[in-house]
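Engineer: Using the sequences provided together with the hints, build the complete structure.
Taken in sequence, the protein lines are chains L and Z. Each residue of the first sequence is one higher than the one before, counting from 1 in the numbering used here. Each residue of the second sequence is one higher than the one before, counting from 1 in the numbering used here.
These aren't lab readings, by the way, just hints derived from the structure by calculation. Any given hint might turn out to be false.
[To be verified] Every beta carbon over 10 Å from chain L, so not counted as near; a handful from chain Z, in silico:
hint : residue
1    : A5
2    : M22
3    : L107
4    : F215
5    : A230
[As the list claims (entries may be wrong)] Some, not all, of what chain L presents toward chain Z, calculated at C-beta under 10 Å:
hint : residue
6    : S81
7    : Q83
8    : V103
Backbone N, C-alpha and C fix where the C-beta goes; we use that ideal spot for every residue, glycine too.
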Amino acid sequence: MTAIKTEKLTKYYKDLCAVDSLDLEIKQGELFSLLGVNGAGKTTTIKLLSCLSKASKGDAFILGDSIRKNQLKVKEKISVSPQETAVAPNLSVKENLSFICGVNGFDKQKTKDKVDETIKKFNMNEIRNKAAKKLSGGWQRRLSIAMALISEPHVLFLDEPTLGLDVLARRELWTLIKDLKGKITIILTTHYMEEAESLSDRIGIMSKGELVSIGTSKELIRKTGAKTFEDAFISIAGHGGIAA
Amino acid sequence: MKILAFSLRNTKEILRDKINIMFGLGFPIIILLLLSFVQKNVPAPMFQLQQLTPGIIVFGFSFFSLFSGMLIAKDRTSSLFMRLFTSPLKAYHFIISYYIPFIPLALLQATITMLVAILLGLSFTVNMLGLLVVSIPAAVLFLSLGILFGTILNDKQVGGVCGALLTNFSAWLSDTWFEVDLAGGAFAAIAKALPFYHAVEAGRFALAGDYTNVFPDLWWVIGYATLFTAIAIMIFRSKMNYN
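Structural biologist: Structural data, given as structure tokens:
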């Protein structure tokens, strides 16, 4: 079943076409990575799909609801973990999680259950009462992703979730993301080729606002005749793509 | 539930910022103490506690423009807001949630100001309750100004506009530090065309128990508060739908 379907989705910033006639279909439970160099249109695509930005042309459907016509219904089904850690700095870990439950309309009992469950799942028991601003970068990112997941989204957007993290923190987050595979639909943007290759079911490569190639990492390597996925990416992103 | 959750978060953000507490509660009290001592040494009718207390309360409210403006301006530029904009919160959830925590805080500040005034010699009367009620539109006015500036400016600009300009501007034109009629001319005309003077006057009448004269001064404040609340809501909604 289709989780996300875009139809000629286009975004202009004045004369600049940030996303150009994007046609894409992502299945439920799939982990789909969007790759591209800076300015390729990855983050704009996520902003369009998460109703943070209005499409200039075209439309997209999240589990059947239009991002143009049914924004509130779309917002009930999605969650976003932005590039920078999105936490309330003066609130503790537990308060941040409760806060997100509250703004999603959970009642008191459900909030308590979800907070306890999430703290356990993300191994945050020791820091549950610590203010978010006093956590390390890795823990803040972990909390940020936990906040994105606690609202029980059907579709999760992870915009460069491991940016700036050390190797250990990155690998820990990979494990968390791998555990989610198949349960919810995840759209991931990243600059780390290894991350995309390791986590994704399929990968889409964007260049100058266009989706220039799509497939599994092995398919993309095979199509370009490259030795590694990084070489395949450079070949595709650097030359404007190959036939999908 | 959504409004409760967001306003609870806003309350915690405000109360856990010690500078907010220090300025919001402490600074007006210091000014009240200072001017009371001036009054003891150099008696001036307008620095009598009966006249001064309503002015200090309105002056204290001006800091809430700074706090609410800073909170919104910082929120707007944070990734947390991006997360909240993708949640099922509507514009009215945001706006109400910003007002809710500040109104009780403003009333608490006004109550503390009155308690200090009582310690300094102001007679305790039931009219103090009247003063509190009459002060609410002024509190709403300053909050709406803060929400408006926080919506259109960044946090540094809010610091300048609300922290420096508005606090001074509203104080000078409020008839608290000096009588605007003594300045006369255009200054008095401007002061009386704006709500700050009327907010203090309405408070003075309420504290004196002269409720028949609370209006029309209070109408001025209610009018401006309604106008700026409507503008703040309109601009916040348009910003939320931007792009």
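Engineer: Against each hint, give a clear statement of whether it holds in the structure.
Structural biologist: Comparing the hints with the structure gives:
Listed as outside the interface, Z/A5 is inconsistent with that label: its C-beta sits roughly 2 Å from the nearest C-beta of chain L, within the 10 Å cut-off. Remark: the non-interface label on Z/M22 is consistent with the geometry, its nearest Cβ contact in chain L lying 16 Å away (cut-off 10 Å). Look at Z/L107: its CB is around 23 Å from the nearest CB on chain L, clear of 10 Å, so calling it non-interface holds up. Against chain L, the non-interface label of Z/F215 holds: every CB pair exceeds 10 Å, the least being about 40 Å.
Against the 10 Å criterion, Z/A230 stays outside the reach of chain L, whose nearest CB is about 24 Å from its own CB. Taking 10 Å as the C-beta contact cut-off toward chain Z, the hint placing L/S81 at the interface holds, the least distance being around 8 Å. Proximity of L/Q83 to chain Z holds as hinted, the smallest CB-CB distance being about 7 Å (cut-off 10 Å). The interface hint given for L/V103 holds, since its Cβ lies 5 Å from the closest Cβ of chain Z, which is under the 10 Å cut-off.
In this structure, only the earlier hint numbered 1 is contradicted, and the remaining ones agree with it.
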